[in-house]
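Chains A and B supply the protein sequences, listed in that same order. If you're matching positions, the first sequence starts at 1 in our numbering and goes up one per residue. If you're matching positions, the second sequence starts at 1 in our numbering and goes up one per residue.
The reader is advised that the hints may include incorrect statements.
Stated by the list, open to error - SDA-like cross-link-like pairs, simulated, lysine to any residue; straight-line CA separation at most 25 Å:
| hint | chain 1 | residue 1 | chain 2 | residue 2 |
| --- | --- | --- | --- | --- |
| 1 | B | Lys57 | A | Asn31 |
| 2 | A | Lys26 | B | Lys18 |
| 3 | A | Lys56 | B | Lys17 |
| 4 | B | Lys57 | A | Ala93 |
| 5 | A | Lys70 | B | Leu60 |
| 6 | A | Lys69 | A | Pro111 |
| 7 | A | Lys26 | B | Glu101 |
| 8 | B | Lys17 | B | Tyr50 |
| 9 | A | Lys26 | A | Ile13 |
| 10 | A | Lys26 | B | Thr71 |
| 11 | A | Lys26 | B | Pro8 |
| 12 | B | Lys57 | A | Gln97 |
| 13 | A | Lys26 | B | Lys17 |
| 14 | B | Lys57 | A | Ser28 |
| 15 | A | Lys70 | B | Pro8 |
| 16 | A | Lys69 | B | Glu101 |
| 17 | B | Lys17 | B | Gly28 |
| 18 | A | Lys56 | B | Ser62 |
| 19 | B | Lys18 | B | Pro8 |
| 20 | A | Lys69 | B | Thr100 |
| 21 | A | Lys70 | A | His57 |
| 22 | A | Lys56 | B | Thr100 |
| 23 | A | Lys26 | B | Glu56 |
| 24 | A | Lys70 | B | Lys18 |
| 25 | A | Lys70 | B | His44 |
In case anyone wonders, no lab produced these hints; they're calculated from the structure.
Here are the chains, one letter per residue:
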Amino acid sequence: SQQGEEDPQALSIQEGENATMNCSYKTSINNLQWYRQNSGRGLVHLILIRSNEREKHSGRLRVTLDTSKKSSSLLITASRAADTASYFCATDAGGAQKLVFGQGTRLTINP
Amino acid sequence: EADIYQTPRYLVIGTGKKITLECSQTMGHDKMYWYQQDPGMELHLIHYSYGVNSTEKGDLSSESTVSRIRTEHFPLTLESARPSHTSQYLCASSGGSWDTEAFFGQGTRLTVV
Numbered sequence: 001s002q003q004g005e006e007d008p009q010a011l012s013i014q015e016g017e018n019a020t021m022n023c024s025y026k027t028s029i030n031n032l033q034w035y036r037q038n039s040g041r042g043l044v045h046l047i048l049i050r051s052n053e054r055e056k057h058s059g060r061l062r063v064t065l066d067t068s069k070k071s072s073s074l075l076i077t078a079s080r081a082a083d084t085a086s087y088f089c090a091t092d093a094g095g096a097q098k099l100v101f102g103q104g105t106r107l108t109i110n111p
Numbered sequence: 001e002a003d004i005y006q007t008p009r010y011l012v013i014g015t016g017k018k019i020t021l022e023c024s025q026t027m028g029h030d031k032m033y034w035y036q037q038d039p040g041m042e043l044h045l046i047h048y049s050y051g052v053n054s055t056e057k058g059d060l061s062s063e064s065t066v067s068r069i070r071t072e073h074f075p076l077t078l079e080s081a082r083p084s085h086t087s088q089y090l091c092a093s094s095g096g097s098w099d100t101e102a103f104f105g106q107g108t109r110l111t112v113v
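Start from the sequences, fold in the hints, and give me the full structure.
Here is the structure:
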């Protein structure tokens with residue numbers, strides 16, 4: 001992968017449960033972003049966390065960042081069927097001004 | 001809603017043909033990107049641009065070329081399409097600051113037969 005690994009590659013849970021996805025990256029970063037992609041469509045930005053931040057919330061989303069481990073996690077609480085999608089992390093690859101993505105996690109929420 | 005557009009959405013073309021995938025944005029963004037995405041999900045950066053007359057190759061080697069003559073327009077060209085070029089191509093743009101989100105087009109699904 002260009003960026004690193006996302007874990008797990010696929011996740012299937014029941015509606016109402018929490019979903020956690022992890023992302024690791026290779027280079028130093030200025031920020032890390034999470035995106036969602038519904039099947040066959042373009043990506044939609046969810047949340048951005050800067051390298052000097054450790055945790056950020058947005059609605060049902062909680063993102064953490066550990067720069068010492070070069071890793072981030074995305075938690076979706078109280079999942080809904082509409083959350084079924086693929087989720088990607090992306091970084092600026094150490095300020096190179098290019099946006100580099102991880103492999104993604106395919107999340108399925110079962111009703 | 002993002003103001004970034006890709007055309008065509010779907011394209012089936014014969015081997016050896018020259019094709020241009022169009023990408024336009026009306027947000028005045030300096031940075032634009034092209035990604036290739038196969039059904040296995042991973043997005044591969046193939047080209048990016050910081051602004052007019054600036055283009056760079058991405059991390060995945062590609063036989064395609066790009067141009068950036070106008071801020072709003074970032075077309076991708078394949079001089080001679082091959083079946084190995086069959087994939088989805090996603091265009092994105094972002095503003096000048098390093099901590100801004102990217103906006104994506106809906107993608108062009110290319111099939112070379």
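We went through each hint and held it up to the structure:
no., hint, result
1, B:Lys57 - A:Asn31, "holds, 22 Å"
2, A:Lys26 - B:Lys18, "violated, 36 Å"
3, A:Lys56 - B:Lys17, "violated, 48 Å"
4, B:Lys57 - A:Ala93, "holds, 14 Å"
5, A:Lys70 - B:Leu60, "holds, 22 Å"
6, A:Lys69 - A:Pro111, "violated, 35 Å"
7, A:Lys26 - B:Glu101, "holds, 20 Å"
8, B:Lys17 - B:Tyr50, "violated, 29 Å"
9, A:Lys26 - A:Ile13, "violated, 29 Å"
10, A:Lys26 - B:Thr71, "violated, 31 Å"
11, A:Lys26 - B:Pro8, "violated, 35 Å"
12, B:Lys57 - A:Gln97, "holds, 12 Å"
13, A:Lys26 - B:Lys17, "violated, 38 Å"
14, B:Lys57 - A:Ser28, "holds, 21 Å"
15, A:Lys70 - B:Pro8, "violated, 38 Å"
16, A:Lys69 - B:Glu101, "holds, 24 Å"
17, B:Lys17 - B:Gly28, "violated, 32 Å"
18, A:Lys56 - B:Ser62, "violated, 36 Å"
19, B:Lys18 - B:Pro8, "holds, 14 Å"
20, A:Lys69 - B:Thr100, "holds, 24 Å"
21, A:Lys70 - A:His57, "holds, 19 Å"
22, A:Lys56 - B:Thr100, "holds, 15 Å"
23, A:Lys26 - B:Glu56, "holds, 21 Å"
24, A:Lys70 - B:Lys18, "violated, 42 Å"
25, A:Lys70 - B:His44, "holds, 20 Å"
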